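Student: For chain A, the structure is supplied; the task is to place chains B, C and D on it using the hints.
Protein chains in written order, with the working numbering: chain A, 16 to 142; chain B, 16 to 142; chain C, 16 to 142; chain D, 16 to 142.
Just so you know, these hints were derived from the structure itself, not from any lab. Bear in mind the structure is a predicted one, so any value in this text is a computation, not a measurement.
All copies of an identical chain are treated as equivalent in the list; a pair is satisfied when it fits inside any one copy or across any two copies.
Restricting the straight-line Cα-Cα distance to at most 20 Å, the calculated cross-link-like pairs of lysine to aspartate or glutamate (EDC-like) are:
(1) Lys-23 with Glu-133
(2) Lys-44 with Asp-123
(3) Lys-23 with Glu-135
(4) Lys-18 with Glu-119
(5) Lys-44 with Glu-115
(6) Lys-23 with Asp-123
(7) Lys-44 with Glu-85
(8) Lys-62 with Glu-27
(9) Lys-48 with Glu-82
(10) Lys-18 with Glu-132
(11) Lys-23 with Asp-61
(12) Lys-62 with Glu-115
(13) Lys-120 with Glu-27
(14) Lys-44 with Asp-129
(15) Lys-18 with Glu-133
(16) Lys-23 with Glu-119
(17) Lys-64 with Glu-27
(18) Lys-131 with Glu-119
(19) Lys-44 with Glu-119
(20) Lys-120 with Glu-49
(21) Lys-130 with Glu-27
(22) Lys-120 with Glu-132
(23) Lys-23 with Glu-115
(24) Lys-62 with Glu-110
(25) Lys-44 with Glu-71
(26) Lys-18 with Glu-115
(27) Lys-44 with Asp-79
Protein chains: 4
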Amino acid sequence: MNKSVMLKWLQEGNIHIPTTLLTHYHTLKLNEKELVLLLQVLAFLDKGKEFPTPSEIAANMSIDSVECHEMLSQLIRRGYITIIDGVNEFGIRFERYSIEPLWEKLIDQYIAADKKEEVEVDHKKET
Amino acid sequence: MNKSVMLKWLQEGNIHIPTTLLTHYHTLKLNEKELVLLLQVLAFLDKGKEFPTPSEIAANMSIDSVECHEMLSQLIRRGYITIIDGVNEFGIRFERYSIEPLWEKLIDQYIAADKKEEVEVDHKKET
Amino acid sequence: MNKSVMLKWLQEGNIHIPTTLLTHYHTLKLNEKELVLLLQVLAFLDKGKEFPTPSEIAANMSIDSVECHEMLSQLIRRGYITIIDGVNEFGIRFERYSIEPLWEKLIDQYIAADKKEEVEVDHKKET
Amino acid sequence: MNKSVMLKWLQEGNIHIPTTLLTHYHTLKLNEKELVLLLQVLAFLDKGKEFPTPSEIAANMSIDSVECHEMLSQLIRRGYITIIDGVNEFGIRFERYSIEPLWEKLIDQYIAADKKEEVEVDHKKET
Numbered sequence: 016m017n018k019s020v021m022l023k024w025l026q027e028g029n030i031h032i033p034t035t036l037l038t039h040y041h042t043l044k045l046n047e048k049e050l051v052l053l054l055q056v057l058a059f060l061d062k063g064k065e066f067p068t069p070s071e072i073a074a075n076m077s078i079d080s081v082e083c084h085e086m087l088s089q090l091i092r093r094g095y096i097t098i099i100d101g102v103n104e105f106g107i108r109f110e111r112y113s114i115e116p117l118w119e120k121l122i123d124q125y126i127a128a129d130k131k132e133e134v135e136v137d138h139k140k141e142t
Numbered sequence: 016m017n018k019s020v021m022l023k024w025l026q027e028g029n030i031h032i033p034t035t036l037l038t039h040y041h042t043l044k045l046n047e048k049e050l051v052l053l054l055q056v057l058a059f060l061d062k063g064k065e066f067p068t069p070s071e072i073a074a075n076m077s078i079d080s081v082e083c084h085e086m087l088s089q090l091i092r093r094g095y096i097t098i099i100d101g102v103n104e105f106g107i108r109f110e111r112y113s114i115e116p117l118w119e120k121l122i123d124q125y126i127a128a129d130k131k132e133e134v135e136v137d138h139k140k141e142t
Numbered sequence: 016m017n018k019s020v021m022l023k024w025l026q027e028g029n030i031h032i033p034t035t036l037l038t039h040y041h042t043l044k045l046n047e048k049e050l051v052l053l054l055q056v057l058a059f060l061d062k063g064k065e066f067p068t069p070s071e072i073a074a075n076m077s078i079d080s081v082e083c084h085e086m087l088s089q090l091i092r093r094g095y096i097t098i099i100d101g102v103n104e105f106g107i108r109f110e111r112y113s114i115e116p117l118w119e120k121l122i123d124q125y126i127a128a129d130k131k132e133e134v135e136v137d138h139k140k141e142t
Numbered sequence: 016m017n018k019s020v021m022l023k024w025l026q027e028g029n030i031h032i033p034t035t036l037l038t039h040y041h042t043l044k045l046n047e048k049e050l051v052l053l054l055q056v057l058a059f060l061d062k063g064k065e066f067p068t069p070s071e072i073a074a075n076m077s078i079d080s081v082e083c084h085e086m087l088s089q090l091i092r093r094g095y096i097t098i099i100d101g102v103n104e105f106g107i108r109f110e111r112y113s114i115e116p117l118w119e120k121l122i123d124q125y126i127a128a129d130k131k132e133e134v135e136v137d138h139k140k141e142t
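Looking at chain A on its own, in the form it has when it is part of the complex (with noise of 0.2 Å):
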């Protein structure tokens, strides 16, 4: 090993998730294949690949392309990723996947639990 293996390690660079994710995907109906092909999908997202196919995402994980795929369009059913397309800066049109509808779940839920604290501590202070 020398410094080169370092180096690409650098920059590899680290997923940074939401700890509330982490904490809360369970209450968002999500399992944890379903978790970490969302991360895979953030992950790509971050190396600006915006739109991995199946099997690029498979081939991280224990499933196969097929049930990637399958899981990828239950998630989309359910509003927790969305396919986007528009035409780039060189009029070139294009297709990627945005994970936003998930930090939308996520804020709502999290502003919800927040609110049911707030009422369980008034309660308290009533009694």
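Tutor: Leaving out everything else, chains B, C and D in the frame of chain A:
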């Protein structure tokens, strides 16, 4: 909602995982449930909670505390996490999880993959 | 170099700052030296070192411990950091820095900037 | 304020720096202004903006665009950042900053410090 929700969200913070863990956990013979369990332990460590119980961990996941206990024991046996015990600065005994073994496996794997790649590049050059 | 260097590097970890801090510190009336000093405090807190001395902080910077002490005092007076004292679980008194006031200022600033933008968008719509 | 502010904040994201950069920049002969300028470039790269102008960078800092231009030139001359030019997939020429030279210096420095430490430990053992 108000400013305080946003402040709380900010303070919950992020969890950061080397992208290589996400791309290599399957090669490391971990499945998605095991990966997420390790991320949960990592998140607890980050928050300064160094020895979470199986129930505390399972509360965030799709598994119950019995299954969580079983999975933790297996991850220890298989050498992904370890329990460290010691005495703190106030003379009190403590136990805490360490996921250093996971990082070691990941680095080993990464270095091995890098060497293999170099060999392949060399072969191409020779032909 | 060997694997252990890489493991150490990995364990040193990363420091994470909201991108908005980097784009808004100047609006928050901080200069670069003050920003970096706050990042140093943040890094010490992350490592669990909650009340670093001016010398420890200055050792990583272009300033000496006297200047560091002076800057810290000013940042406290101007409301960017605060010192919290309390008694820990073992009955020992402690003091620690908190940079929560910085996050509050940043969020205030962010929300204010967002409102201003909305108003500008509204004006455009009206004309 | 409403949910959309929080979503925007979340999407602005974080910037992540190796903690070692924060503890070693001074040894690398960078001052605080230079460090923050490099972080600004890093944040622009993260956002996919690969060749920000001195005015765009200076807008976030306590310096004006002339001083920013001067500092950038010096950082290039002194080997901390470099400009890469090439042709993209659509046949359009591009220029972009790379801070790979900074990471190389940092790793060199880190490895050197590690070796020095080992030597010191060895000396202690011998005496």
